[in-house]
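A.B. asks: For reference, the chains in residue letters:
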Amino acid sequence: MDNTRGGPGNRTGRIVSGALTAMLMMSSAALAQQQAPMLDELVSSGALPPLEERLPANPLVVEPVESVGVYGGTWRSALRGGLDNAWIARTVAYDGLVRYDREWKEIVPNLAESWEVSEDARTYTFKLREGLKWNNGTPFTSADIEFAVQLHKEPTYVGPGGFLRNPDNPVNIEVVDETTFRFVFENPTGVLMDELASVNGLTIVSLSKEYCGQFYPPLNPNASEEAKAAGFETWEAMMLNRCAWATETIRFANPDLPFMNAWMVEEPLTGNASRVTFVRNPYYWKVDTEGNQLPYIDRLDMRVSDSLEELTLMALNGEIDFQDRHIATVANQPLFFDGQEAGDYRLGENIPSSMNTMTIQFNMNHVDPVRRELFANRDFRIGISHLLDRQEIIDVVFTGQGEPFQAAPRPESPFYDEEMAKQYTEFDPEAADAAFKAAGLGEKNGDGFYTMPDGSPLQITIDTISAFRTEWTDMMELIQLQLEAGGIDVELNNIDRTLYYDKRPLGDYDAQIWQGDGGLDVIQEPRYYMPSGPESVWAFRWQAWFNGTTPDVAEEPAPWAKQQMDLYNQLREEGDAAKRDELMKQILQLAKENFPVIGVSLPGNGYFIAKNNMRNIPEPMLHAYLFPTPAPYDPFQWYFAAE
Amino acid sequence: MAVETMTDIPVSTPIKRAKRESQTALMWRRFKRHRLALVSLWIVALFYLIAILAEFLAPHDPGAYSARYTYAPPQGLQLFSTDENGGWRFFPHVNGYSTEVDREAMRRIFVVDPEIEIPVQFLAPSDPYLLAGVIPMSVKLIGVTEARAPFYILGADRLGRDLLSRLIHGTRISLSIGLAGVTLSLFFGIIIGGFAGYYGGWFDSAVMRVIEFIRSMPTIPLWLGLAAAMPKDWSALQTYFAITIILSLIGWTELARVVRGRFLSLRTEDFVTAAQLDGASDWRIITRHMVPSFMSHIIAAATLAIPGMILAETALSFLGLGLQAPIVSWGTLLQDAQNIRTLASAPWLLAPGVCVVIIILSMNFFGDGLRDAADPHGR
Amino acid sequence: MLGFIGKRLIAMILTMWAVSFVAFAIIQLPPGDYLTTYIATLAANGDRVDPATIEALRRQYGFGEPYMIQYWKWVSGIIFRGDFGQSFEWEAPVTTLIWGRLGNSILLEGLAVIVMWLVALPIGIYAAVRKYSLGDYLATIGGFIGLAIPNFFFALILMYLSFIWFGETIGGLFSPGMENARWSPARVWDFLSHAWAPILVLSMAGTAELIRILRANLLDELKKPYVTTARAKGLSEFRTIMKYPVRVALNPLVSTIGWLLPALVSSSVIVSVVLNLPTAGPLLLRSLTSQDMFLAGAIIMLLGMLTVIGTLISDLLLAWIDPRIRYGSK
Amino acid sequence: MGCVMRLIPMGGKNMTQKPILSIADMSIVFSSPDEADIEAVRQVDLTLTPGKTLALVGESGCGKSVTARAVLRLLDKNALIQRGSITFEPKGEKPVDIAKLKQDSLPLRAIRGNQISMIFQEPMSSLSPVHTIGDQIDEMMTIHEGLKPKQARERTVALLDQVGIPGARERADAYPFQLSGGLRQRAMIAMALACKPQVLIADEPTTALDVTTQAQILDLLRQLQADFGMAMLFITHDLGVVAEIADEVAVMYLGDVVEQGSVFDVFAAPKHPYTQALMSSIPKMARKADRVRLSPIKGTVPAPKDRPEGCAFTSRCPHAFEPCPTIRPARTDLGNGHHARCHLLTRVPVEEPA
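Chains as they are written, first to last, in our numbering: chain A, 518 to 1160; chain B, 1204 to 1582; chain C, 377 to 706; chain D, 16 to 369.
Possibly wrong hints are sitting among the right ones.
[Claimed, not checked] Some residues of chain C that are not near chain A, with every Cβ distance over 10 Å (derived):
| id | residue |
| --- | --- |
| 1 | Gly382 |
| 2 | Ile474 |
| 3 | Arg477 |
| 4 | Val491 |
| 5 | Met535 |
| 6 | Tyr536 |
| 7 | Phe539 |
| 8 | Ile685 |
[Stated by the list, open to error] Straight-line alpha carbon distances no greater than 20 Å define the calculated EDC-like cross-link-like pairs of lysine to aspartate or glutamate that follow:
| id | chain 1 | residue 1 | chain 2 | residue 2 |
| --- | --- | --- | --- | --- |
| 9 | C | Lys600 | D | Asp150 |
| 10 | B | Lys1235 | D | Glu50 |
| 11 | A | Lys745 | C | Asp566 |
| 12 | C | Lys449 | A | Glu750 |
I should point out that these hints are in silico values taken from the structure, not numbers from a laboratory. Nothing here was measured: the structure is a model prediction, and the numbers come from that model. Even for Gly, the Cβ is constructed at its ideal location relative to N, Cα and C.
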């Protein structure tokens, strides 16, 4: 599935854009462009220039999912607490230079109408649409991109970084003209397009030079003084506050901050706001196939609530038009199912990108050499895996939803490997016993528990977080009973999330659990297949060695892991998607052989809640964060059917 | 006037003594008069009995789960059964379920099927266990004869665990927890508050500052902070007892303040001055004369404190600071029930809430009865 | 009397200082700091922050400085510039965040206190005067049930029932659109139509307790000879009770006013989360869990001060209405 | 006994006066849920006449206070005036039977404090601790005479002055606990007299006080009685006090008035064995030669519930004989308003008991 990204992506990029321009010629000739009724007033009063002047030369023409829609309506949804910026990222903010198509297969043009990658994969040339405008009417040009790059080169400015701040592969920008610019990297890079298309690729297009420049000393000599006067310690602090990037919460606390998105801030998300609203951006640069300016929906109204119960009731009461986040849980499913009639909404299917309901990561870098050796022993992990009665867990906790599954790519993924996904998943105490023998564990003691090779008692403490995923508590309770029945003495240590992270560098934890990321976004999120980053809890010190982030705890990895790292480095620099996938497959092969992380079960499909009169919502949706569902399904072309 | 009074004719003294002897008896008699209090006393006693006999009374192990019976509704317990010709016979049994899984809605649908009659046996044999952790036993008050047959008198929770059994075991934890804290805060409250109010002066003001200070901290952040600072290797139970003690260290202030206030106004009363002039020791004056004179308040406060502790436990659990699974307490059980899904489709899981209400009601009535009985100038 | 007030004022200032110190200590208690939590949260979203950024942030926030220095920076800022520091999460001065919510808290809790007294006084007096009457039992049982139900649970049930019965979701303090409107009769009405639920929940337990205490005190007072004296004067029964025993029985109650506050604040934290009220509660909870220390510190401290002032008021009231305390404390 | 002597002419002067308050055949029963009813006072007859003082004497628990409180209907709910009447007949008004009045009814309240007022034993606890003396006295006049607070206060100050409280104006603003016991009692008296009552009931007004203060208070009371010419019902267990203040005396034992009459008669020639016993328990002033030892009463007062059907004193009476335990002795008139309840008196007289 990944194989059409990047390289081929470029080609399609150009083709598509070409096609679009053609279409645009036709459409603009054929039928006059439409705008939302709520704008007519403003235009006739002269407060707003006519549509033609607001739209770019070649607006992005969007193919509606079902049909061309009608203007109007307010999309009601909810944020959990004031800092739930992820939901805004998933609805409003996803408009980068490029974006993923609705199948998460191709990278398609967005703000950039086309791009080119040099053969050595060092130089990326982008062509922006002509006449793009921020929602305040000022033009969006290469200068804005340049500004973002420049800002992130400031050592004192704390930005999200990403490829702009990657020390291993510094990047420079060359502005060719108003609409053309180049990224020039020191080393080849193959993952740029994916980063730009993902939710992390928005920073580069989120800062208006004209507005944000005023807080930036090089552009405004008095910036520092003004910041102090405004009560900020430094200009950086004020910049972060007034001009936050991409999806940062406070970005939506400042109504003056220019946007390129379909909706713009109306009632800001301040610390004590009990709701946030967005209103249509009159300068939005997308049209439907009949040339109607998007979005169809006038407003977004997000209730800010810390109470899941309130949100649940609101949804049941039909006061939510579209939402999946927070409330669409397994436990609530029957509730929402029964409520459809009364609440006049429907349940749609979500296919999670996650490949597992829970992964158990034994700490192969344990500070205690004995335990390190034990946990690093593949047979030991195999034994544990065989002691899990996965079907029982699935039946009890997930009402029979899902199937036994290891930490492996999802069936929908091109990297899917049934053997990898299914190995050691059958409940088989004998096999387990054999495996433990092979791992050199001592005989069971009086309590019926296996002992350390030296005969000393073996007790394993698994760190869990009950707060983060409620079903984890239930799963761990069952797993504890199952393992103990199988002869492994397990202690559950339910701790606060911060501690969870504090313990990692220290390395004195037996095992931690987490969710199954990387089921579809295999290349971007290989944490369970190889020691790729701090989230690879099973080999934290190896990843430290790999990333050079925390050198004090870095350790040289096992040969196979090192081999994976080499492969991944090659992958990063490979321009050709097909070759990247090939490298990834090799990494996965190594993962399969060494079986570092134990999985439990494949998550059943999730669901979203949508009012019956809300249209153009495709089904099923792929659900991920890098692919920030539902944004890739173009909410700006959703609409409320008149009934 | 050289005229002697007749109060000192020897007849008056014995009367007084006679009164004092019968004080406790009198109190008990007064207490019995308070019907509600008497009933409550029995209820409280019953609950504590349940707490002690938990293992014997609970039909299942509180942790035993069953995939087939998640959210199974209560079966109830029938003692009689009708045979075909409509006659009644004594046949304790529960009705089985017919179940199906609704894939679309992701749930099991249960229908209690009166046809299926699962015989229930009193004093049913069971796997051996230790009653209250000491007495080895292998019989339970009640159980089903055929193994693997569903037996959920009060229904099952989301993991198909028997609510009744969990409730019974929860009783043990929740009730035991209240006592410790309350006794502690009572002790501190009376001693410190008493002396502060009695001596006044710098000691009083010092104590008052401390109290005022402790009291002016809203408890939730205290709990949050302290819970986070608790050593991580402690078991949930240890942690909770620690928090209980912390609670009582905050709780004593309330009592101390009441006591002190009373003392301040009592100091001026004649009988105290009298006692002082008699040369009675301060300790004696406080314990013998002043404390009894508002025993009622102390009792009222104490009875209010125990339920307070129980409620505190539920509140803590709500914040995720209280006990954590797999430990079973009313608090953790309530925590499970704190969502719309439960309210809507498994209301029987609110049973712990009912228990909390009942025990707190009875404890309050009980204390109220005591209060009136202990009242020095009762009618 | 003046001396009395003066002493109490000085004491209050000292207490506030102590409060500030402990507030700071508490927010320092949990392991790690805002950044660890921040990273944790990002990671949970599958997001990542590179260590360089973290280091920069750490420096910018002045973490790692000695405890006392951090504390002094904080407190001096408050005293001299009224600056409570920056909220990490909101990248904004704390002061811009708290006042609105604190206002809501005070408003709600104030209303709750008033409701408590309005309800508790008549019932408590009735229960004491008509001891063991049906009314007494009803009042007592009602009161105890009020004490017995965990308030967040009550709130939850209330929410659910109002949804089932009236198809209303009673969350928040205002209906959509009214949140940011300015005060007007319409808004007041809208406020009341939402606030009844939280006020009901918040005042429930307190009312029950007040009834209880009042009844207890009054029962003691009713037996005092001065009541007979009053009757012997020819006062009507009603006036007798109102002017004398009730008056005396109120004293201990008055001293509880200040004490209701912290309890109220604490319980309102939980209730506010269930009912989604824009009070200081949820903000505090949130900032504590995310270790947004200056925000949390500011809220704890202000709530603390709120109660200290409440206590001062109640003490002055007590001294004012009860001569024995007034002269006893000289 | 000088004082007793002095009383006679005074008593003689007011002979003609018709009674203002007469209690006739009054019984008071206390009921309690879990015990048998107790007849605390049985068939008592008392009369008060203006300007005169009737002393009610007896040991604690003999029912004297109950009787006194019954007059103002101040008994608790569980006390019931089972039979008899309390007829109050102020000059020029038609008689009212207080026993028949409703609790908290206007007529009753009009009498309380206004026409009949009362002084209590413990001035400390009988005065509200949280109101100033002034407030509590003003109230009398504001409720009964509808005076404005200002006027009322003026009267109060005058009263306080009259009852001999130095610095009355300031003291009016003082709280009870700021005054000495004696002053408190004076204040109490001032309050009682605020509305110039025609009957004053004093329930052991001097018991809580030291001897000297006691004397002062008694003088004060006598003085005031002379000024106001009111009738006084004076409850005490102190025969000395009786001798000092009373014109007539009624001796109570376990709810019975065993003997009543003018102080002179009763003291000089006690007819009831109990009275006699009391008298002999007082040291007499006499020549050394014929000084008699004090002879305390044998036995103890039985609890009300084991009180015999007949004469309550039976269990301790040196002269008890057949009828005593079973038959209740009748109220025998011994002339000159002197009555006693004793079988000895109705029996065919053999010899007078010494």
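A.B. asks: Indicate, hint by hint, whether the structure satisfies it.
C.D. replies: Verification of the hints:
Once the 10 Å rule is applied to beta carbons, Gly382/C is consistent with being away from chain A; the minimum gap is 36 Å. With a minimum CB-CB distance of about 8 Å to chain A, Ile474/C fails to clear the 10 Å threshold, and the non-interface call is violated. Under the 10 Å C-beta cut-off, the non-interface status given to Arg477/C relative to chain A is violated; the minimum distance is some 5 Å. Once the 10 Å rule is applied to beta carbons, Val491/C is consistent with being away from chain A; the minimum gap is 22 Å.
With a least beta-carbon separation of about 6 Å from chain A, Met535/C fails to lie farther than 10 Å from that chain, contradicting its non-interface assignment. With a least CB separation of 7 Å from chain A, Tyr536/C falls inside the 10 Å interface cut-off, contrary to its annotation. Residue placement check: Phe539/C does not keep its beta carbon more than 10 Å from all beta carbons of chain A (closest about 5 Å). Every C-beta of chain A lies more than 10 Å from that of Ile685/C, the closest at about 22 Å, which supports listing it as non-interface.
For a cut-off of 20 Å, the pair hint linking Lys600/C to Asp150/D stands: about 18 Å separates their Cα positions. At roughly 13 Å between alpha-carbon atoms, Lys1235/B and Glu50/D fall within 20 Å of each other, so this suggested pair holds. Proximity of Lys745/A to Asp566/C is assessed by CA-CA distance (about 40 Å); at most 20 Å being required, the pair is judged violated. At roughly 13 Å between alpha-carbon atoms, Lys449/C and Glu750/A fall within 20 Å of each other, so this suggested pair holds.
The structure is inconsistent with the numbered hints 2, 3, 5, 6, 7, 11, although it conforms to all the rest.
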